[in-house]
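**Student:** Protein sequence lines correspond, in order, to chains A and B.
The first sequence: position 83 = 83 (the working numbering), numbered continuously.
The second sequence: position 376 = 376 (the working numbering), numbered continuously.
Footprint (simulated), chain A over chain B, 3 or more residues, beta carbon under 8 angstroms:
| no. | region |
| --- | --- |
| 1 | 64–77 |
| 2 | 198–206 |
| 3 | 454–468 |
Just so you know, the hints here were simulated from the structure itself, not pulled from any lab data.
Treat the numbers as computed from the prediction; the structure is a model and nothing was measured.
Here a beta-carbon is modelled for each residue, glycine too, at the ideal position from N, C-alpha and C.
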Amino acid sequence: MKLQGASPRDVPPMPSLDSIPVGSSARVTEVTGADATSLRLLEMGLTPGVEVQIVGTAPLGCPVELLVRGYHLSIRRNEAARIAVSA
Amino acid sequence: MPHAAATSSSAASAAPVVVALVGNPNTGKSTLFTALAGIPTRIGNYPGVTVEEKVGRFRHRDHTIELIDLPGAYSLVPKSPDEEVAVRVLHGEMNGVAKPDVVVVVADATNLVRNLYLASQVIEVGLPTIIALTLTDLAARKGITIDMEQLAARLGCPVVPVVAPARQGIDQLGDAILAAATAAPPPRPDIAPHLAAVDSSYTPPARDAIARYAWIDRLVEGVIVRRPPLPTVSERIDKVLTHRLWGTIIFAATMLAIFSSIFWLAAPLMDLISGAVDAVAGWVEGALPEGAIRSLLVDGVLAGVGGVVVFLPQIALLFLFVAVLEGCGYLARAAYLMDRLLVGVGLSGKSFIPLLSSFACAIPGIMAARTIENRRDRLLTILVAPLMSCSARLPVYLLLTAAFVPNVAVGFGWLRLPAVVLAAMYAVGVVVAAIVALVLSRTIFRGPPQPFVMELPGWRWPQVGVVLERVREAAVSFLKNAGTLIVAVSIVVWALGSYPKVPPPEGPNVTEAEIRGEALRQSFLGRAGHLIEPLVKPLGWDWRIGCAAIASFPAREVVLGTLGVIYNLGDVDPGEEEGATQLIRLLKNATWDGTDRKVFTLPVALSIMVFFALCAQCASTLVIIGKETGSWIWPTVTFVYMTVLAWLGAFATYQIGTMILG
Ligand SMILES: Nc1nc2c(ncn2[C@@H]2O[C@H](COP(=O)(O)OP(=O)(O)OP(=O)(O)O)[C@@H](O)[C@H]2O)c(=O)[nH]1
Ligand SMILES: [Mg+2]
Numbered sequence: 001m002k003l004q005g006a007s008p009r010d011v012p013p014m015p016s017l018d019s020i021p022v023g024s025s026a027r028v029t030e031v032t033g034a035d036a037t038s039l040r041l042l043e044m045g046l047t048p049g050v051e052v053q054i055v056g057t058a059p060l061g062c063p064v065e066l067l068v069r070g071y072h073l074s075i076r077r078n079e080a081a082r083i084a085v086s087a
Numbered sequence: 001m002p003h004a005a006a007t008s009s010s011a012a013s014a015a016p017v018v019v020a021l022v023g024n025p026n027t028g029k030s031t032l033f034t035a036l037a038g039i040p041t042r043i044g045n046y047p048g049v050t051v052e053e054k055v056g057r058f059r060h061r062d063h064t065i066e067l068i069d070l071p072g073a074y075s076l077v078p079k080s081p082d083e084e085v086a087v088r089v090l091h092g093e094m095n096g097v098a099k100p101d102v103v104v105v106v107a108d109a110t111n112l113v114r115n116l117y118l119a120s121q122v123i124e125v126g127l128p129t130i131i132a133l134t135l136t137d138l139a140a141r142k143g144i145t146i147d148m149e150q151l152a153a154r155l156g157c158p159v160v161p162v163v164a165p166a167r168q169g170i171d172q173l174g175d176a177i178l179a180a181a182t183a184a185p186p187p188r189p190d191i192a193p194h195l196a197a198v199d200s201s202y203t204p205p206a207r208d209a210i211a212r213y214a215w216i217d218r219l220v221e222g223v224i225v226r227r228p229p230l231p232t233v234s235e236r237i238d239k240v241l242t243h244r245l246w247g248t249i250i251f252a253a254t255m256l257a258i259f260s261s262i263f264w265l266a267a268p269l270m271d272l273i274s275g276a277v278d279a280v281a282g283w284v285e286g287a288l289p290e291g292a293i294r295s296l297l298v299d300g301v302l303a304g305v306g307g308v309v310v311f312l313p314q315i316a317l318l319f320l321f322v323a324v325l326e327g328c329g330y331l332a333r334a335a336y337l338m339d340r341l342l343v344g345v346g347l348s349g350k351s352f353i354p355l356l357s358s359f360a361c362a363i364p365g366i367m368a369a370r371t372i373e374n375r376r377d378r379l380l381t382i383l384v385a386p387l388m389s390c391s392a393r394l395p396v397y398l399l400l401t402a403a404f405v406p407n408v409a410v411g412f413g414w415l416r417l418p419a420v421v422l423a424a425m426y427a428v429g430v431v432v433a434a435i436v437a438l439v440l441s442r443t444i445f446r447g448p449p450q451p452f453v454m455e456l457p458g459w460r461w462p463q464v465g466v467v468l469e470r471v472r473e474a475a476v477s478f479l480k481n482a483g484t485l486i487v488a489v490s491i492v493v494w495a496l497g498s499y500p501k502v503p504p505p506e507g508p509n510v511t512e513a514e515i516r517g518e519a520l521r522q523s524f525l526g527r528a529g530h531l532i533e534p535l536v537k538p539l540g541w542d543w544r545i546g547c548a549a550i551a552s553f554p555a556r557e558v559v560l561g562t563l564g565v566i567y568n569l570g571d572v573d574p575g576e577e578e579g580a581t582q583l584i585r586l587l588k589n590a591t592w593d594g595t596d597r598k599v600f601t602l603p604v605a606l607s608i609m610v611f612f613a614l615c616a617q618c619a620s621t622l623v624i625i626g627k628e629t630g631s632w633i634w635p636t637v638t639f640v641y642m643t644v645l646a647w648l649g650a651f652a653t654y655q656i657g658t659m660i661l662g
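In isolation and in its complexed conformation, chain A is listed as follows:
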């Protein structure tokens, strides 16, 4: 959710959540984008520093099911791609 110019938005410096395999966990480092969706992701608790586990995916690989802050959340791969993580 950074403002333009602060970080190169099309090339996240770190891997994003959609590249994490099912079953493993990662730590959120940044949520990119400055729109309502990025705000909603933050409001749902996907803030920098929080640990996220990829629990599974729906039949066609999308959406993905996350375990974050003790509850289950589903988001699409598009949204997962906005979330930069460190393994």
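Starting from the known structure of chain A, fit chain B with the ligands onto it as the hints suggest.
**Tutor:** Leaving out everything else, chain B with the ligands in the frame of chain A:
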């Protein structure tokens, strides 16, 4: 509200204490509302059950409390119309709803951190606030312990644990509400220090969100104690039901099982009701002299209502299944499984619950679309929702399949052709909806795909009371419709079909049937019917079916009433057939005017079913579309496109059916 109970306490006559229930979706606000105010509300285990505010009054220790149940919200920065309601009520900006004196933040104890996010925003509004900690029974089972006293001390507001379904903590919450009404609001959360630590390149609302979570993480340190996480039953069930392959197979099997069981479970009950209706009709015929009154009762009211009420068991069963699906948490899973498919046709997983609700009735389904953030997706969902086969179509399908679809086994022995035809009717609606959505989303509703962020609630046991209430409510409204709307339309159709009276044809061998047939043809209905016959003939219908279909504009199930009345007035001899209802016997023996060619054949029955699967014969649905979209354009569009599709679908079904079946 009975004020008679007022005692010497002076507060009893004072203005009621207005209390709003605010909280994240699916935290048990409506369950709490029902427990406190004693008013049944819609409750289900998925986010977004409640989409508009509901006000109820109750008395607690000689005080009147006005309680407002609200749609859930994740944040006071609303993203969808239902979330907006909570924000507007909190600020006293909602027409007809008083500004709350006390706010009860309903927080899910199994998910406290995220629930405190909204709570901290609510506290900032500056009203006296209480935290009601719900689902504490589930939290205990998950190994989560919460230090309530510490939490209350750190937040500066009372924290009351409740288990609303078991009525635990309800009185304590009532006391806390009364105490809070005269207390000072809690202090504002001190977020500022955390704000300084957030990367300054984020937008202001994003910085606020990050700082707020940092404040919460600090606040709950030592307050929430988790036992090392064991895999819960919920998670194990989840593994299978959201599995890519098994999940999909189970979904399909569940739906098929529901359709089959609606048939065989309800059949015995249906025979009972049908027998009772026949008995009443026989009794009236014996008790009253022949004349207009007897005809009105037997040919009008009983023929109309009787044909419909026999389907009460099926309606009750359908809603039983719906209530169990809603209560256990499967709906949100199914939405998750189906999202990709829905995106393929231009909708989204968020459309799934509104569409699935529409199988019960399009009206709550269309209202459920308020949970969809994006206006384009919302409108598209509303436009196709009435294509889902609602419970009003079920009696139409059941009657025609029972009468005209041969009851033979197909495939696996237990699967019978009528059940397959029934499933096919539901499929017609779904497939057409997919095509309509696809076309609209590529043309007038073009736009980028919308984001999807949806919480998946844990599995919970449906509450028996909630399930029964859902069934009762559906049964009552079905019977009420039969007793009012269907009676009224039946009487109108009976009157139009009985007058003007013409002199009966004379001759040596004129039969009773010919006299009745001629009277019907010469009636207002008969004359109007012949005008529209060219329009419905390509569908394989005679003018009487056409009239019945048009007269069912108020609601689809009315068609059974009107069919019963029209064919009963005419020259049809119902005959005696074991195990068939009066209406089925009537339809089976109906012939084209002046010939002995049967009106109802399998292709005709299918053509009627397809017509009703696709048509917009439901006045209330059109009204609600107008209300929800704020314009009369969309109901008009819906009516026109659905009627055209219904005619074309029925036409194709009849023509192809006749070609194949000869
Ligand atoms: N075990 C348990 N289940 C509960 C409790 N309170 C509510 N439930 C269940 O939780 C689910 C959600 O309850 P609702 O009252 O519909 O929740 P809501 O907050 O009104 O939800 P929305 O209207 O969607 O925002 C239902 O399945 C309830 O049966 C509780 O204290 N314990
Ligand atoms: Mg609710």
